[in-house]
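Q: Spelled out, the chains give:
There are 2 protein chains.
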Amino acid sequence: MTGKCAVVLLSGGLDSATVLAMAKDQGYSCYVLSFDYGQRSLTELNAARIVAMEADVVEHRVLRLNLEDFGGSALTDHNLSMPESDTDDVQEEGIPLTYVPARNTVFLSLALGWAEVLDASAIFIGVNAVDYSGYPDCRPEFIRAFEAMAALATRQGVEGKPIRIHTPLIDLTKAQIIQAGTALGMDYANTVSCYQADDEGRACGRCDSCRLRAKGFEQAGVPDPTRYQP
Amino acid sequence: MTGKCAVVLLSGGLDSATVLAMAKDQGYSCYVLSFDYGQRSLTELNAARIVAMEADVVEHRVLRLNLEDFGGSALTDHNLSMPESDTDDVQEEGIPLTYVPARNTVFLSLALGWAEVLDASAIFIGVNAVDYSGYPDCRPEFIRAFEAMAALATRQGVEGKPIRIHTPLIDLTKAQIIQAGTALGMDYANTVSCYQADDEGRACGRCDSCRLRAKGFEQAGVPDPTRYQP
Numbered sequence: 001m002t003g004k005c006a007v008v009l010l011s012g013g014l015d016s017a018t019v020l021a022m023a024k025d026q027g028y029s030c031y032v033l034s035f036d037y038g039q040r041s042l043t044e045l046n047a048a049r050i051v052a053m054e055a056d057v058v059e060h061r062v063l064r065l066n067l068e069d070f071g072g073s074a075l076t077d078h079n080l081s082m083p084e085s086d087t088d089d090v091q092e093e094g095i096p097l098t099y100v101p102a103r104n105t106v107f108l109s110l111a112l113g114w115a116e117v118l119d120a121s122a123i124f125i126g127v128n129a130v131d132y133s134g135y136p137d138c139r140p141e142f143i144r145a146f147e148a149m150a151a152l153a154t155r156q157g158v159e160g161k162p163i164r165i166h167t168p169l170i171d172l173t174k175a176q177i178i179q180a181g182t183a184l185g186m187d188y189a190n191t192v193s194c195y196q197a198d199d200e201g202r203a204c205g206r207c208d209s210c211r212l213r214a215k216g217f218e219q220a221g222v223p224d225p226t227r228y229q230p
Numbered sequence: 001m002t003g004k005c006a007v008v009l010l011s012g013g014l015d016s017a018t019v020l021a022m023a024k025d026q027g028y029s030c031y032v033l034s035f036d037y038g039q040r041s042l043t044e045l046n047a048a049r050i051v052a053m054e055a056d057v058v059e060h061r062v063l064r065l066n067l068e069d070f071g072g073s074a075l076t077d078h079n080l081s082m083p084e085s086d087t088d089d090v091q092e093e094g095i096p097l098t099y100v101p102a103r104n105t106v107f108l109s110l111a112l113g114w115a116e117v118l119d120a121s122a123i124f125i126g127v128n129a130v131d132y133s134g135y136p137d138c139r140p141e142f143i144r145a146f147e148a149m150a151a152l153a154t155r156q157g158v159e160g161k162p163i164r165i166h167t168p169l170i171d172l173t174k175a176q177i178i179q180a181g182t183a184l185g186m187d188y189a190n191t192v193s194c195y196q197a198d199d200e201g202r203a204c205g206r207c208d209s210c211r212l213r214a215k216g217f218e219q220a221g222v223p224d225p226t227r228y229q230p
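Protein chains in written order, with our numbering: chain A, 1 to 230; chain B, 1 to 230.
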């Protein structure tokens, strides 16, 4: 392998698509990893496939993980209803209902396994501590602790070349993320953020994720290419 | 839920079966987690089902994980041949061929997700730093780093009740593990350690894992109930 190489976690949403554009822009050969973990919106996975293809990545793998067996989240537990906001304040108190137990830990661990085999020097993940402050595994201190653990867990770490976890979005607002991606030529029409998107990838416009996204485009001063359900 | 509750990782091998017996002996209600990750020996998973049933656990879940897609290990890559020893020295130099990339990180992460949903206070894993010293993710410093990361990743950690990782075998020799399990009434005939066991769970007697196990019974002074291929 020539040049530097990274595993990039891609959900198909706006944030991770921006991270992929950033990793490419930094000169990494990108191996993209997505998860089919029983999330409600398979549309997001279809979006991930399109985004990865458009970004001309080296490889895109989708791992099936039946996390829905564990339950405990409105994102995977179909017996819980999705939170909807009637106000402009889309922040929730405490840990939100859409929290998937240990999700970023699981995703980063699997990315770490692939990175170790590929001898990749970096993993990119689109965690963000601004918009989703209720998730414990989106905090910078979690990421640093994961990196320290990974340095002890892997061959690369033992050999003194630990795999780094890159979180280029961690301190950005949604508007700043959209501005950065737009500057890199991202076409956000291919991304899906809605928890309840229909089969054609059209957003509901009502859930927290839709409201955050719409507000982001508005504040960024970038035209919103999101397709909404009629 | 009344009383204390733990997630126990169970492969169906001798070590993890002993850990399950120890967790039960310590008074934990045990939720047992196994993985079907493309390992050669599905016989080991059948052994896990029998061991879990015999131990009368609260629940046993088997998660399918297609780690074989990542390659890089003789345990999951069918193009690599298994190492066999012709000498009594079954230790290998450096990191062994049977190392599965980030395996314990991935297994512990998924156990963490389930533990968070169950509100379990502990995860038990049968890592051992004596017999398998070539695996970076079997070292005590890795386990402590994982625990520190987990405390930042989960709701329990945020609320000041971090989930603890228990590794009761970490400093024991194979003989000491067998003696401890035998004292707790373990029937090791149900466990499979062989990387190349046949469909009836009979061991090859030649691979490193078989040799370590046989030597363990010999040194423990416990009759070896292992069934070998004819």
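It is possible that part of the hints are untrue.
Said to hold, decoys possible - Label pairs and their in silico Cβ distance ranges:
| no. | chain 1 | residue 1 | chain 2 | residue 2 | range |
| --- | --- | --- | --- | --- | --- |
| 1 | B | Leu184 | A | Glu200 | 25 to 33 Å |
| 2 | A | Arg164 | B | Leu184 | 40 to 48 Å |
| 3 | B | Ile170 | A | Ile170 | 46 to 54 Å |
| 4 | B | Leu184 | A | Gln26 | 52 to 60 Å |
Said to hold, decoys possible - Here are the simulated EDC-like pairs of lysine to aspartate or glutamate, each with C-alpha atoms no more than 20 Å apart in a straight line:
| no. | chain 1 | residue 1 | chain 2 | residue 2 |
| --- | --- | --- | --- | --- |
| 5 | A | Lys161 | A | Asp224 |
| 6 | A | Lys161 | B | Asp119 |
| 7 | A | Lys4 | A | Asp119 |
| 8 | B | Lys161 | B | Asp119 |
| 9 | B | Lys161 | A | Asp119 |
| 10 | B | Lys4 | B | Glu141 |
Said to hold, decoys possible - Computed from the model, here is a short list of chain A residues facing chain B with C-beta under 8 Å:
| no. | residue |
| --- | --- |
| 11 | Asn66 |
| 12 | Pro101 |
| 13 | Leu110 |
| 14 | Glu116 |
| 15 | Arg139 |
| 16 | Ala145 |
| 17 | Ala153 |
| 18 | Val158 |
| 19 | Leu212 |
If you're looking for bench data, these hints aren't it; they were derived computationally from the structure.
Cβ coordinates follow ideal geometry from the N, Cα and C atoms, glycine included.
Q: Need the status of pair Lys4/B, Glu141/B: alpha-carbon distance at most 20 Å?
A: Violated, because 26 Å separates the two Cα atoms, which is more than 20 Å.
Q: Taking 20 Å as the top limit, are the C-alpha atoms of Lys161/B and Asp119/B close enough?
A: holds, 10 Å
Q: I want to verify a distance hint. Is the separation of the beta carbons of Ile170/B and Ile170/A within 46 to 54 Å?
A: Given a distance of about 34 Å, which is not inside 46 to 54 Å, the answer is violated.
Q: Given a cut of 8 Å on the nearest C-beta pair, is the interface hint for Ala153/A held or broken against chain B?
A: holds, 5 Å
Q: Does the Cβ-Cβ separation between Arg164/A and Leu184/B fall within 40 to 48 Å?
A: Distance hint for Arg164/A, Leu184/B holds at roughly 43 Å.
Q: Given a cut of 8 Å on the nearest C-beta pair, is the interface hint for Leu110/A held or broken against chain B?
A: holds, 6 Å
Q: Assuming the hint says 25 to 33 Å, is it satisfied by the Cβ distance from Leu184/B to Glu200/A or not?
A: violated, 58 Å
Q: Holds or violated: Ala145/A as interface residue toward chain B, Cβ cutoff 8 Å?
A: The hint holds - Ala145/A has a Cβ within 8 Å of chain B, the shortest such distance being about 4 Å.
Q: Is Lys161/B within 20 Å of Asp119/A, Cα to Cα?
A: violated, 36 Å
Q: Does Leu212/A pass the interface check with chain B, least Cβ-Cβ distance below 8 Å?
A: Violated, about 22 Å.
Q: Tell me if the interface restraint on Arg139/A is satisfied: Cβ within less than 8 Å of some Cβ in chain B.
A: holds, 7 Å
Q: Let me know if the C-beta of Asn66/A comes in closer than 8 Å to any C-beta of chain B, holds or violated.
A: holds, 6 Å
Comparing the model with each numbered hint stated earlier shows that hints 1, 3, 5, 6, 9, 10, 19 do not hold.
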